[in-house]
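Each chain sits in its own coordinate frame; assemble them with the hints.
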Amino acid sequence: MWEIRRYPALWLLPALLPVALMTLYPVAYALWTSLHSVMLLFPGEPFVGLDNYLRVIQSNYFQDALTNSLVFTAAAAPLVVVLGTLIALFLRRRFFGVQVVRSIVLLPWVLPGAISAVLWIWVFHPSFGVLNGLLRDLHLIEGSIGWLTSPRLAFVSVVVAHVWTQIPFTVVLVMAALAAINPETLEAAAIDCKSSWRRFWYVIFPEIKAMIVVLIVYNALTAFTSYDLVYAMTGGGPGTATTLLSFQIWRESFSMYDFGAGSAVAFIVVLISAVLILAITRALPSDLFGSE
Amino acid sequence: MKRRTVLAAATLLAGSFMAAQPGQAQDVTLEFVVWNYSLETIQDNIRQFEAENPGIKVNLTDYTWPDYQDSLILRIRGNTPTDVVYGGQDWLPAWGSAGFIAPLEDVAPKEEIEALAADVAGFARTDVTYDGKIYGLPYYADTISFIYNKKILADAGIAVPTTWEEVTAAAEKLKAGGMDKPIVYEYNQELPNFYDAFVAQAYGRGAELFDAELNPLFADPGNGAYQQLAWLADAWSKGLVQAETHESKIIPAMNTGQHAFTIVYTYVLAALNNVADQPRAGEFALAPMPGATHSTLGFAKSYVITRQAADDPERAVAAWKLVNFMAGKPYTVAKRWAVEKGLGFGQLPLFQDQDVIEAWGKWADVKELGAQAERARAGTYTEFSSVWSAYFRPLLAKAMVGEASVEQTMKDGAERWNQLKEQFASR
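For the protein sequence lines, the chains are H and D, in the order given.
Counting in this note's numbering, the first sequence runs from 27 upward without gaps.
Counting in this note's numbering, the second sequence runs from 8 upward without gaps.
Extracted from the complex, chain D is given alone in its bound form (with noise of 0.2 Å):
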């Protein structure tokens, strides 16, 4: 009996001292936490990386992209496990004060950070940063684009408009020539990317939203987002637009060749021209965004790291080897990403490489394209605007079809951020 005991003494000992074995990396469960956005392309990059990683495994957590800040933030506050999450522009201010993020000169060498972030583009880097500090490296890095389709414009003998108000007397011209809607519109007040396509809209006017002590300026009636809000009433108005929620719904729309022009994503005109499955592919093009200006909204989204994970020595080594894996260097995760799906890059050396230019030669003129990130602006984000985002959409949305004033929208979503903001500051 007491051999016995000594026996499983000895063996729970063995057992527990080659479970303490340091170097045993396979330990690390990083929890990757994503919106469902092309998931098979997604895990087929973790295989890759736990591949070249044998001591670390990666757990893949996918949210939908409208419900993705809620459950994220839901999930956090919950203290539930999470290493590396995909981040947004408009989102990491916030984040990153409320101490869900940690910037990654905590979890990584300083001058490997600025290596690789001199790679990244202006406003790629812009929307990475807070306080100063690099949060994230970009997942991919894109623009919202002006599109129409080449083969309506031309059997119409329409010129490309160049300003908004063009935009309207072609609009007018191909519905008085049997043309019920001739614009599709990503409507859908519930998303983020429905201001940020009117940011991109007021941009092309050359407006400035907001001054560098972050006071609103688009309640005045001589700024471009005004004027933009104008215009899209008016269009709306004159039955010129026809709404859609998503931009998976415009792929379609813009296909039966009832529409000519949209304005969304620019990766949503790799879809558009996709031979495989559009009917009219080839057909589309992007023009720079009308206005002044043709400048338009860049914007990054992101790998950054969580502050659990950067406070667990083991947990930081590993996910910053993820984040390093998915967006480094030579960046092959977001070389594929842009060859296979379209999707912009925040990385610059990739504009040069010739895999990138001839998959996008197929559905986009790549040098319009290059001189489309040149022009483009990084939005304005703070530790609230996601907050004021989600209040100010709806009145965006009801101001277009015409059901409040241009003028009490934009000065009601003023004041919402001025009291956002005095409210964020007392804190």
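Pulled out of the complex, with its shape left as it was, chain H reads as follows (with noise of 0.2 Å):
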């Protein structure tokens, strides 16, 4: 009998172990670094207990990057999803050069994050970058603005070129959204309802909300744990400006090379996601999902 009851556990193993091995192997290796002291330039490797987490809490970076991150994704996630939405709104209606429209929103989807970094660093760049020298043709300015130099507009430059490189996966899935929707339901709709608004607030948000709080929750993680743009375009800098969290974990591990403080701070960025995606789905009504 205890053969049969085992019998699908055992069918199962072949996948379950991989994946044991991929995930819970190390994130249990992880656990066991944040608590000790793991310096890839020191020797041994001693039980610190959560000396690592009271340290990283207490540090001069900690304080910025958990401000810098949640500001970060508070500014960042509801753009993306607003500005994705607008494009997606506008990608529907046929016009000349719809298609070729369609292929340019598209393109920093095919982008890799460096490569998006490096083009909007040729952006922002005070000497030769695009927008100061767009600025001095207007007559603007005179001298340059330090976009990437100056901690405030780093940090909003940072956003801007995270928002462009999140913007077609929401245009995308809120297309896909919008075409589910009856055709009937939008001719009735562009009958009874003159105003564009009325139209989109009362008829097809209903029909994609459920869509835009996946992209709300899916944006505001990406944000949260944004790192590639970050490492690429400012370095974290100037000074500790556009420091995320994701950014301190490198930071710890590969530049100071603690790889105790570099866990211990993935641990807290895990805890605070976690609290971030309840928060967010509490916040929610709860007859979202259900069929309307």
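These are computed hints drawn from the structure, not numbers from a lab.
A virtual CB, placed ideally from N, CA and C, is assigned to each residue, including glycine.
Among the hints, erroneous ones may be present.
Said to hold, decoys possible - A few chain H residues that don't get close to chain D, going by computed Cβ distances all over 10 Å: (1) 72; (2) 120; (3) 132; (4) 185; (5) 203; (6) 205; (7) 209; (8) 297.
Claimed, not checked - Here are some chain H residues pointing at chain D (derived, C-beta under 8 Å): (9) 44; (10) 46; (11) 49; (12) 62; (13) 67; (14) 149; (15) 153; (16) 170; (17) 175; (18) 177; (19) 181; (20) 263; (21) 283.
What follows is the structure, encoded as structure tokens:
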């Protein structure tokens, strides 16, 4: 009898084992590392309990990185969803060259983060950047603006670049959600609602709001764990102006060679991400994903 | 069938005997790891080495400068075969202490190493020494220079500044005359040279950053390093400084004629004054680092041999041959770097070399350069200084742009130094 009961579990083993190896082991190892002083250039790996967590939280960088990550998420995620939705609505229309415009809009999606960062560095570069050049040509400025070297402007610049890279995915998913709306509903709405805004709010939005929520959660997590753009564009600087928590994991681990502290930051990021998802889903109406 | 088996066995035996013949040095393949500066020159040097040493093949691996130490540490910790590597003065004590690299006396006669080291400039020798033992020979040795545009200063009737206060006055005058940002500064907290440039400026004021027991002194407002950070923050707040993320961007920026001063590795002056590709070549010169002593930071990058190579007799011999070819007498490779690329050198006899004097004379005042090398001082490097520098650099960057106070920055930096010192001592 017991063999029959174990039979399904045994069949699942080939799938479960790699999953366990690829996820549980690294997580367990990271947890072990976060409780030890693992510094690549120092001998030994003594147990330090929660010292890494305490030191990281009390460090100069953590408060800045946490604040930056939260502000970055709060700014970038809604921007991506709002702009992505507006672009998707626009691209639904039929006009000459719409296919070309759709391809151009999707272009950032095919670029790796590092390449996008290089492009944006050339846009924001103080001496020979496109943006300063344009502003100078329009006689709006005389000298140059340090888009990536002034702390506040650097933060804004990184948000802009991040939003640019994330919009295409949002556009694709919103367009998919829009395509799923019954055409008759839209035709009826076109007759009943003269105002485009009312048509969107009362007819289209209810049909796509589940997708919008998914996109908000997805974009919040993507922004909160963003790393590559910051690394390539500003290196977390100037100072700590664009240091995000995910970048701080890298800095602790690979710049200061303190894997214990790096793992501690990683676990803190996981914890905050979980709280973030919970908070977003709690804030939503309970019938959101139900049939309407 | 039996005959065939015997034949096969005989062939195998013969093959294995041939493979085991002593003196077949072509079996030695060295793994040489560098950062990716001028790879074509490195590869050409390797070709020449292989031609002179037919028994040895060299595989070259390169990493970018910002990622170099991370990549190398992970490579060595992961036991990836690695024999000879570029080392940096700030990393050497940590690598030596961690057992990543071996003292040269473990792979070559001590007298031979001492004879080579006797030719090396004082600060460069300090930079390749850890725990009383020499771990490397200089790949290049250089100083950090205060560079200015002669034409801009002459046109504006400004004398070459000798103190940082005079630099401010000159920059303010140029700004009033329409130059938006007279100073261009390599501002990249991820690069070790960001800290090195700061130390060089503090040395110009005559600052000591640490005492003999490695206690930090820079948090004292009377210390030159403290004053220099205050000066930088002040220059930034007055809008005198244009930040650039890398020396490669400083070169075109200075060549726009929109900046008069910069502080960079001396070899950058060679690129600035390169008539082949710089429109304002010839306009740039170095001046003594502003401050009371005009001292600056001297440093050496070196060829070092890994512990794993030192522990394998065949690889150890081959690795030493490679290091000796690259940095040893008659200093052909060091001279090549100096003549072709303007890299500084630690091997003092090259200062008398006519080819070097002639080549350097095209982009610098060789006499001034020699005087600067004499005034240069080595930095303070310990087992944990590279870890500390990675921590401290963003704090410096933050203070420069006015996001943190100088007092708090220096206090935090000193505290972290003491923490690491204690942490390392307890291991």
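Hints and how they fare:
no.: 1; hint: 72; in the structure: violated (8 Å)
no.: 2; hint: 120; in the structure: holds (45 Å)
no.: 3; hint: 132; in the structure: holds (30 Å)
no.: 4; hint: 185; in the structure: holds (18 Å)
no.: 5; hint: 203; in the structure: holds (41 Å)
no.: 6; hint: 205; in the structure: holds (44 Å)
no.: 7; hint: 209; in the structure: holds (52 Å)
no.: 8; hint: 297; in the structure: holds (24 Å)
no.: 9; hint: 44; in the structure: violated (22 Å)
no.: 10; hint: 46; in the structure: violated (23 Å)
no.: 11; hint: 49; in the structure: violated (22 Å)
no.: 12; hint: 62; in the structure: violated (13 Å)
no.: 13; hint: 67; in the structure: holds (4 Å)
no.: 14; hint: 149; in the structure: violated (15 Å)
no.: 15; hint: 153; in the structure: holds (5 Å)
no.: 16; hint: 170; in the structure: holds (7 Å)
no.: 17; hint: 175; in the structure: holds (4 Å)
no.: 18; hint: 177; in the structure: holds (5 Å)
no.: 19; hint: 181; in the structure: violated (11 Å)
no.: 20; hint: 263; in the structure: holds (5 Å)
no.: 21; hint: 283; in the structure: holds (6 Å)
Violated hints, in rising order: 1, 9, 10, 11, 12, 14, 19; the structure is consistent with all others.
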